[in-house]
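**Q** Sequence:
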Amino acid sequence: MIDHPLLRAVTTWPGRQHTQLAFETIGFSLHRIWQDRVIEFCGQERAALLNRYWDETALETMQSLGRSAPDRRIFQIEPTCRSSFLDDLFAARDFQDPNYPYPPLVKCLFHRAKRLWIDPEFREAEVAFFDRAHRAETDRFAVQTTGWTGRKRDVIPFADEFCKSLDFKALRKCWRKNTGNLIFEVGVDLGGNPYCITPPMKFKIFHADERDFVYDLQGGLSLERLVPGFDEYARCRDAAGYVLGIRAHIELFNVIAGSLSCSPA
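Per the working numbering, the sequence shown starts with residue 49, numbered consecutively.
Hints were generated in silico from the structure; no laboratory data involved. Careful, some of the hints might be misleading.
Stated by the list, open to error - EDC-like, lysine to aspartate or glutamate: derived pairs with alpha carbons at most 20 Å apart: (1) 221 / 264; (2) 221 / 260; (3) 252 / 279; (4) 225 / 299; (5) 155 / 88; (6) 252 / 233; (7) 252 / 272; (8) 250 / 279; (9) 225 / 237; (10) 212 / 233; (11) 252 / 237; (12) 155 / 136; (13) 221 / 233; (14) 162 / 174; (15) 162 / 142; (16) 250 / 272; (17) 252 / 215; (18) 250 / 233; (19) 250 / 299; (20) 252 / 209; (21) 162 / 88; (22) 162 / 172; (23) 225 / 257; (24) 155 / 135; (25) 200 / 237; (26) 225 / 264; (27) 225 / 215; (28) 162 / 279; (29) 155 / 103; (30) 200 / 233.
Work the whole structure out from these sequences, hints included.
**A** Put into structure tokens, the structure is as follows:
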């Protein structure tokens, strides 16, 4: 394998639990509520299994720069610390279903995902539960939505405010922060539908000595695999939810930037 400096840098990431705890100190909690809800469904006796699954999936995702499908054991970039635990879960699967070809490696996660699809009463109860959690968090943050109409271009002034508060420097089409030899870039995806479906944020990490070799964190699973449950911040119910989601995406990316601040050159 070519010795890319960015691949060396991401091996210093302290992991999922360190990252989400730092995120929680800012006041964000929807991901933790989701994790607790899943553990409640699966049973407390499976909490250790789930947490190890989430930890090792996150580590493989970071070390492969997101160019992987850990549940399928497919890697475009092989992680430095490939998980034998996840390999064993994959080999032991006994719950495959042709209607759900790429299930998670933990059986109860698969059963929960399947039930969300086939059981309307269960699905509606889960939606109502997370609606309440979203409302509580937007109220706690006292989210301001002045200027929001739902168009992607509306995201720019909110992103600018949140990025500048975290010392990202505004450039022509993005915001950047340098941490040692690593460069962290925030952008807004204005392509396609002009209206927001989810917060249209995109993030990149690259090394100053090799700018064309990039960790591209755009798309629904890019941050979800690092912090399970983070996708709740992409499930926006209203204007306040979108603004909260934009801030949450930027704040989590900034936490990741801080966690890699001592990366090797």
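**Q** Now tell me, hint by hint, if it's right for this structure.
**A** These are the hints, each one checked on the structure:
1. 221 / 264: OK: residue 221 and residue 264 at ~16 Å, within 20 Å.
2. 221 / 260: holds (17 Å)
3. 252 / 279: At roughly 18 Å apart (the allowed maximum being 20 Å), residue 279 and residue 252 satisfy the hint.
4. 225 / 299: The given pair, whose Cα atoms are some 13 Å apart, holds under the 20 Å limit.
5. 155 / 88: Holds, at roughly 14 Å.
6. 252 / 233: holds (5 Å)
7. 252 / 272: Roughly 16 Å between the alpha carbons, so the hint for residue 252 and residue 272 holds.
8. 250 / 279: The hint holds at about 14 Å.
9. 225 / 237: With Cα atoms ~19 Å apart, residue 225 and residue 237 stay inside 20 Å; holds.
10. 212 / 233: holds (12 Å)
11. 252 / 237: holds (12 Å)
12. 155 / 136: This hinted pair holds, its Cα atoms lying about 13 Å apart.
13. 221 / 233: Judged against 20 Å, a Cα distance of about 10 Å means the pair holds.
14. 162 / 174: holds (13 Å)
15. 162 / 142: holds (15 Å)
16. 250 / 272: Distance of about 14 Å is within 20 Å: holds.
17. 252 / 215: Holds, because 16 Å separates the two Cα atoms, which is no more than 20 Å.
18. 250 / 233: Given pair residue 250, residue 233 holds - Cα atoms ~8 Å apart, limit 20 Å.
19. 250 / 299: OK: residue 250 and residue 299 at ~13 Å, within 20 Å.
20. 252 / 209: holds (19 Å)
21. 162 / 88: holds (16 Å)
22. 162 / 172: holds (14 Å)
23. 225 / 257: holds (15 Å)
24. 155 / 135: holds (15 Å)
25. 200 / 237: OK: residue 200 and residue 237 at ~8 Å, within 20 Å.
26. 225 / 264: holds (15 Å)
27. 225 / 215: holds (7 Å)
28. 162 / 279: This hinted pair holds, its Cα atoms lying about 18 Å apart.
29. 155 / 103: holds (17 Å)
30. 200 / 233: holds (18 Å)
Of the hints listed earlier, there is not a single one the structure fails to meet.
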